[in-house]
Each structure stands twice: as structure tokens, then as C-alpha cells.
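Novice: Chain order of the listed sequences is Z and S.
Using our numbering, read the first sequence as starting at 1 and increasing by one per residue.
Using our numbering, read the second sequence as starting at 1 and increasing by one per residue.
Calculated directly from the structure, the hints in this document are not laboratory data.
Just so it is clear, CB atoms sit at the ideal spot from N, CA and C, and this is done for glycine as well.
Be aware that a few hints might be false.
Stated by the list, open to error - Simulated restraints on C-beta separations:
(1) T55(S) / Q87(Z): 24 to 34 Å
(2) S48(S) / Q87(Z): 40 to 50 Å
(3) L120(Z) / L36(S): 52 to 62 Å
(4) G21(Z) / R101(S): 29 to 39 Å
(5) A161(Z) / Q208(S): 29 to 39 Å
(6) W140(Z) / L36(S): 23 to 33 Å
(7) R101(S) / Q87(Z): 46 to 56 Å
(8) G40(S) / T14(Z): 28 to 38 Å
(9) W140(Z) / D102(S): 43 to 53 Å
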Amino acid sequence: MQQIACHECDLVHTVPKMAVGTSARCVRCGSVLFSIKAQSIDRTLAWTIAGLVLYGVAVSFPFLTMKSGAIMQQTALLSGMQQLFLQGEIVLATLVLLTCVLIPLLQMLILLYVFLPLKLNIRAIYAIPTFRLFQHFRPWSMIEIYMLGILVAIVKLAKIATIVPGLAVGAFGLLVIVLTCAISSIDTHLIWQRLGSD
Amino acid sequence: MSQEDSGVLSLPVTPEARIQTGRGFSIIWVVPIIALLIGGLLTYKAMSEKGPVITITFESAEGLEAGKTAIKYKDLEIGKVSKIELKDDLSGVVVTAEMRRDTERYMTDKTEFWVVRARVAAGEVSGLGTLFSGAYIGCNPASEGGPRQAFSGLDKPPVLTAGLPGSHFILQSASLGSLDLGSPVYYRGIKVGQVVDYNFDKTADSIQLKVFINAPFHEKVRQHTRFWNASGVDFTVDATGVKLNTQSLVSILLGGITFDTQHDRPMAQAEENSTFQLFENYQSSTEKSYAIKRYYWLYFNQTVRGLSAGAPVEIKGIKIGEVVNVELQFDLRTEDFRIPVLIMIEPERIKALITKAGNVVKNEEVSSRILASQQDDQTHKRIQLLVDKGLRAQLKTGNLLTGQLYVDLDFYRDAMPEKLAIENGYLVLPTMPTPIMQVVDRLDHLLKAIEQIQFDKIGQSVETAVKDLSTLLVELKSLFNKINSETIPQINNETLPKINTSLDELKKTLAGIDQMLGADSALNYNTRKITDEFSTAIRSLRSLIELLERNPQALLLGKEGEKK
């Protein structure tokens with residue numbers, strides 16, 4: 001039997017043992033206290049690994065090929081940032097690089113670092129601060145927005161140039177979904193419980 | 001707090017069983033496995049697509065960009081520049097490029113690379129796209145030849161003709177003129193090909209142009225086809241009027257080559273890479289040219305004033321060659337001048353007539369073979385044969401006003417026999433003095449003979465003769481004086497009376513005779529008859545003599561008229 005405070009209204013509850021797939025709700029404000037997800041660690045780990053693979057594909061393969069007459073421009077994810085940087089948009093370039101490239105990668109690496117030992121019942125060093133860092137990064141991961149931007153650009157540019165989406169676009173799109181899945185499958189309650197159990 | 005307390009208190013005594021949470025393989029692991037499979041597949045594909053890495057040397061990296069400049073064949077990207085570096089000796093740049101995997105077998109010795117930039121030449125604008133997209137490297141892959149990784153780029157784009165039906169030909173020209181890569185080649189006004197390459201031929205000191213003629217027009221190029229430069233405007237004014245000869249406006253502006261084949265002689269189709277001469281214009285292309293040239297020496301002792309290099313060598317009025325050089329030599333041994341004249345004869349101008357089994361066969365190959373070989377013993381013999389028949393070279397006046405001379409070869413049956421010699425590798429043909437020179441020679445002889453007459457001696461003898469004559473006259477005079485003084489008086493005194501009497505007697509005698517031989521005397525009548533007979537006899541004798549004069553054989557055969 002454990003007690004938990006609602007993070008909305010701070011009402012402390014006693015939570016009974018729950019079955020998988022059920023969630024505990026606050027009796028006062030009705031917000032979800034936590035839910036027991038089936039195979040949470042396995043799922044997160046699986047999505048994370050899939051995400052890392054997709055990330056690799058997205059970064060290393062050509063992203064977009066733009067053709068207009070004889071002009072042909074092919075870009076990769078990173079070379080796009082490089083172009084921004086070269087054009088003097090240093091702040092923008094840094095921001096995009098951080099939010100769309102570095103932070104998602106860091107997130108996945110942290111998940112791997114934290115969840116793999118958990119799965120193998122090993123205790124990773126600095127697992128708690130690392131996982132806390134992950135929670136801090138969450139709002140800064142914006143690959144969905146980046147993806148949205150790309151889609152808008154493709155639609156807009158299609159009128160003046162022929163856009164041939166590369167492999168990386170697909171991979172990136174999948175990465176958005178996979179990363180969302182990975183993050184949503186994290187059972188924070190369970191993780192903290194496991195991390196704090198020793 | 002009470003809640004918490006009650007919670008603790010409500011803890012059951014018996015331990016609760018541990019709940020099993022999903023052991024073993026979970027379906028979720030399919031996701032990363034699929035992702036890994038796809039990723040692995042893509043990576044493998046990307047890795048396997050990586051072709052050979054090649055290096056190309058260029059003079060300049062103008063327009064080239066690492067990671068961006070593509071290598072293209074037929075506008076299809078087959079590689080990409082990955083790195084551009086300066087050459088160690090600063091003479092150029094080394095471009096490293098990653099090629100597609102399937103191009104590996106085309107990277108051979110014969111593969112060519114060049115930089116494609118915007119270019120306006122030979123009537124067409126090419127590579128305009130490169131103005132916006134930047135230059136790219138053109139490639140002409142060749143599957144034959146050994147594999148290679150390091151290439152040296154061309155300075156100018158070759159005209160792509162690989163795989164096109166047609167033939168290449170090589171044209172020799174003194175200068176490039178307004179021709180350039182891609183200059184059109186016309187056949188009867190149709191563009192049938194273009195200049196694909198040109199370079200300077202060091203050995204021949206001329207420009208070698210390579211042209212490509214598209215099928216089916218390459219069949220029109222025969223062994224005797226003439227190519228001429230149609231670049232310019234041919235403007236001639238002559239007795240027939242003003243003539244203006246041009247090709248299309250484009251070729252006037254940009255240059256071009258035209259070829260045509262005279263169909264009077266059937267000839268084999270020219271082979272790939274045959275060499276032709278490129279004539280300056282149509283006019284010069286129509287003049288026949290002869291490839292085979294043979295040289296002979298002629299030695300003249302007479303003056304060669306009026307004979308210059310380029311003067312024709314003729315046989316029976318037909319030009320067969322020309323004078324190449326006229327020199328003056330001083331023979332130290334004989335201490336005499338002599339003039340060797342080097343003539344060039346083009347044997348192809350003479351068509352050999354070969355009779356085979358009664359049919360006249362005109363075969364130019366045979367004719368040129370017979371006449372062409374210079375050092376051949378057989379040729380030597382053949383020319384010796386001609387010389388034996390009286391072949392001699394002679395200087396003749398071609399133009400009476402200017403005194404231009406030409407060399408005439410002809411047969412002189414009564415010429416002194418001569419033996420052929422070889423000097424400086426060339427046969428020496430015997431010569432004859434000029435007819436005018438012969439006359440001059442004879443006059444010379446005559447004058448010399450006249451000079452030899454001793455007029456002074458003649459004078460002396462005339463003088464003595466006159467002296468003798470005068471003494472003779474003096475003697476005659478004295479003789480006449482003597483006759484006058486002595487003989488005439490004697491005649492007057494003694495002789496004349498005697499003569500008078502004699503005359504009287506004679507008178508009497510004559511009267512007697514007159515009686516005997518008078519007009520109606522018998523003797524007179526008979527004599528007249530005899531005389532008539534005699535005259536008829538003489539007349540017939542005369543006709544006989546005349547007949548014999550005309551037909552002496554009449555003595556033996558009798559009169560012809562009687563026979564008939």
C-alpha cells in the first residue's frame with residue numbers, strides 16, 4: 001500500500017494494489033495520479049531502440065532534393081542546419097540543431113541508459129539524475145514541429161520547384177511517432193519506484 | 001493522518017502473493033527489430049552503392065564545389081565530387097569523386113572527363129543550365145581499356161559521338177580558320193556532321209581536324225572525296241562576270257566544312273579515321289591533287305633565263321608536273337658551270353592503258369603503281385626504255401612576250417643514245433638543246449667559217465691580177481700599132497687587086513651554079529624533098545625520146561598504151 005499526492009490539487013491518496021491497465025485518479029479533482037502500464041519498461045526500450053535506428057537513417061540519408069530547372073539542390077538533415085549557419089542565422093541554427101537533433105538524440109540515449117539496466121535488473125550509475133535530466137528535456141524536444149515545418153515547406157515549395165523527399169524524411173516522420181510512443185509508454189511512477197527502491 | 005493510520009492498521013497479516021507482470025518475449029520488440037531491419041537494409045544498400053573513388057586533375061576548379069558538383073553522363077548523375085585539393089606543384093587541382101557502384105567497369109583508360117560550363121559556340125548554346133546550377137563534370141565512359149582510378153581532365157568538352165552511328169575522318173588543314181569544336185559539316189547543304197576535335201600536328205606542321213559524319217552520310221565519303229572550308233564568302237570577278245559562292249549564313253558566321261564526291265570515278269567507301277586534305281575553298285578543291293610525286297634531274301648547258309620554279313613540265317602539251325628548283329653548279333673538276341633543274345612529275349596524271357585479252361582495262365591503281373615506284377629497278381629499266389626510244393627533255397618558250405620557259409618531254413627518234421644515271425637519289429633524264437638554240441648554233445658555225453675566209457690575201461691576189469692585166473693591155477696596144485703600120489698598106493697595094501679578079505671569077509662560077517641549082521632545077525626539087533623527109537624523121541625521134549624519158553621501162557616492156 002502506498003500513498004501519493006495529487007500533482008494538481010495536492011490531495012494525498014492511499015492507492016491500493018492495482019491491476020495492469022488500470023489507472024488511479026484523484027478523488028477531488030479527477031486527474032490521473034498514475035497508471036499501471038503493461039510491460040512499460042520493455043515497450044519504452046523497444047520504441048527507443050527503434051527510434052535510434054530511425055534517427056541514424058534520418059541523419060545519414062539525403063533529406064530532400066529540390067529541382068527547379070537545371071538547379072538541383074540536395075540536402076541532408078545536418079547540411080540544412082549547416083546552410084542556416086552559413087547564411088548567418090546562428091541563433092536559429094543553434095536552436096534548430098538543439099531542439100530537433102541533439103535533444104531528441106539525448107532523450108533516446110538517456111532512455112536507453114536508464115531502461116536497459118532496469119530491464120536487466122542492474123543499477124546504472126547516476127540513473128536518478130540522468131532520468132531527472134530527461135524530464136527536463138521533454139519540453140525542448142520539438143521534432144514534431146520540425147516535421148510540420150518540413151511538410152509545410154514541401155507543400156509551399158512544390159509550386160516553384162520539384163521536391164523529391166528523400167529516405168530521411170520518411171525516417172524522420174517515423175521517428176516522430178516512435179519517439180512519442182516511447183515517451184508515452186514510460187511509466188514514471190514505476191521507474192521512480194524502481195530507481196528509489198534501493 | 002487518520003487515513004494513513006487506518007491504512008497502516010488495515011494491513012493484512014497474511015502476505016500477499018507477488019503478481020507476475022508479463023514475462024518472456026513481448027510483441028513490442030517487433031518494432032525495433034523491424035526498424036533495425038529497415039535501417040540495416042538501407043545502410044547496406046547505401047554502402048553497396050558506393051562505387052569507386054576516382055581522382056581527376058583539372059587546370060582550375062572554377063565552378064566546382066566539393067560535395068555538390070556532380071559527374072554526369074547524358075545528364076544522369078553517376079558520381080559526385082567529394083574533395084577538391086590543390087596539386088602539389090600548384091599546376092592544377094585534383095578532384096576526388098565518388099562514383100556510383102555500377103560505373104566501376106566504365107572507369108577505364110579511355111574514359112574522359114571535362115568540366116561543363118555555359119558555352120556559346122558553333123551555332124549553339126550549350127550548358128546554359130550550368131549558369132544557375134554551377135558547372136558539372138561531364139564524363140564519356142568507355143568500357144574498353146584497362147581499369148583506372150586517376151584521370152586527367154580535358155580542357156575542352158569532346159563532342160559525344162560514342163555509340164552514334166557514323167564515322168570519324170581526319171582532315172589536314174594549314175590553319176584552323178574560323179572552325180571550332182562543333183563546327184558543322186555539310187553535304188549538299190545538309191548538316192551531316194561536326195568537328196569533334198582538333199589539334200596541332202607537330203610532324204606535319206599543320207592542323208588536324210577530326211570530324212564525325214553521321215550515318216548514313218558517312219557512306220558518301222569516298223576515297224577521293226574532297227573536303228573544303230565553307231566558312232568564307234567566295235567572291236570572284238572574271239570574264240564571265242561576278243561570282244559569289246556562299247554556304248548558309250550560319251556557316252558564314254561560324255565556319256563550316258563541306259564535302260562532295262565526284263561521281264565520275266567509282267571508289268571504295270573511305271574507312272574510319274581516313275585522312276583527307278581540307279581545301280581552302282571550293283575552287284581549290286576541284287583542282288586535282290596528286291599524292292605521288294617523283295623527282296628527276298635535268299642538266300642544261302644553255303641559258304635557263306625564263307625558267308622558274310613552278311614552270312610546267314609537259315608531254316605533248318599536257319602538264320604532268322612542274323619544275324621544283326633551278327640551281328647553278330660550278331664543277332671544280334671540269335671548271336665549268338652547269339645547271340641542274342629538279343623536276344617533279346606526278347605519275348597519277350598519266351593514266352596507264354593496259355590491254356588484257358583484247359579488252360582495254362583502265363586501272364588507276366595499276367597505273368600509279370607502275371609509274372610511281374621510284375627506285376625500283378623495273379622502273380629504271382622502263383624509263384631507260386623510254387630514253388632509248390628517244391625521250392628527251394627540252395626547254396621551250398611558253399610565252400613569246402615574257403620569254404617564260406617550260407620543260408617539254410618528247411621523243412626524238414634521231415637523238416643520240418643516252419644512258420640513265422642516278423644522282424642524289426634521283427634519275428637524270430637526258431636533255432636536248434632548244435630548237436632556237438640549234439639555229440643559233442648553226443649560225444654561229446657559219447659565222448665562224450666566214451670569219452676564217454682570208455680577205456687580205458684575196459685582196460693581194462686581186463692586185464697582182466690587175467697588174468698583170470695592165471701589162472697585157474700595153475702589149476695588145478703595141479700589137480695593134482704594128483698591124484696598122486705594116487699590114488694594112490700591104491693589103492691595099494697587093495691583095496685587093498687579086499681579090500677583085502677572084503671575085504669576077506667567082507661571079508661567073510656562081511652564075512653557072514645558079515643555073516644548076518635554080519628554083520626549078522631538079523636538084524633543088526630533090527633537095528627539098530629530102531629535107532621534108534628528114535624533118536619528119538627527127539620529129540618522131542623526138543617523141544620517142546620523150547616517151548623514153550617518161551617511161552624508161554618502155555624499152556623493155558613496150559609502150560603502156562599499147563598494152564591497155
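Novice: Evaluate each hint against the coordinates.
Specialist: For each hint, the structure was consulted:
no., hint, result
1, T55(S) / Q87(Z): 24 to 34 Å, "31 Å, holds"
2, S48(S) / Q87(Z): 40 to 50 Å, "35 Å, violated"
3, L120(Z) / L36(S): 52 to 62 Å, "19 Å, violated"
4, G21(Z) / R101(S): 29 to 39 Å, "51 Å, violated"
5, A161(Z) / Q208(S): 29 to 39 Å, "46 Å, violated"
6, W140(Z) / L36(S): 23 to 33 Å, "27 Å, holds"
7, R101(S) / Q87(Z): 46 to 56 Å, "34 Å, violated"
8, G40(S) / T14(Z): 28 to 38 Å, "50 Å, violated"
9, W140(Z) / D102(S): 43 to 53 Å, "44 Å, holds"
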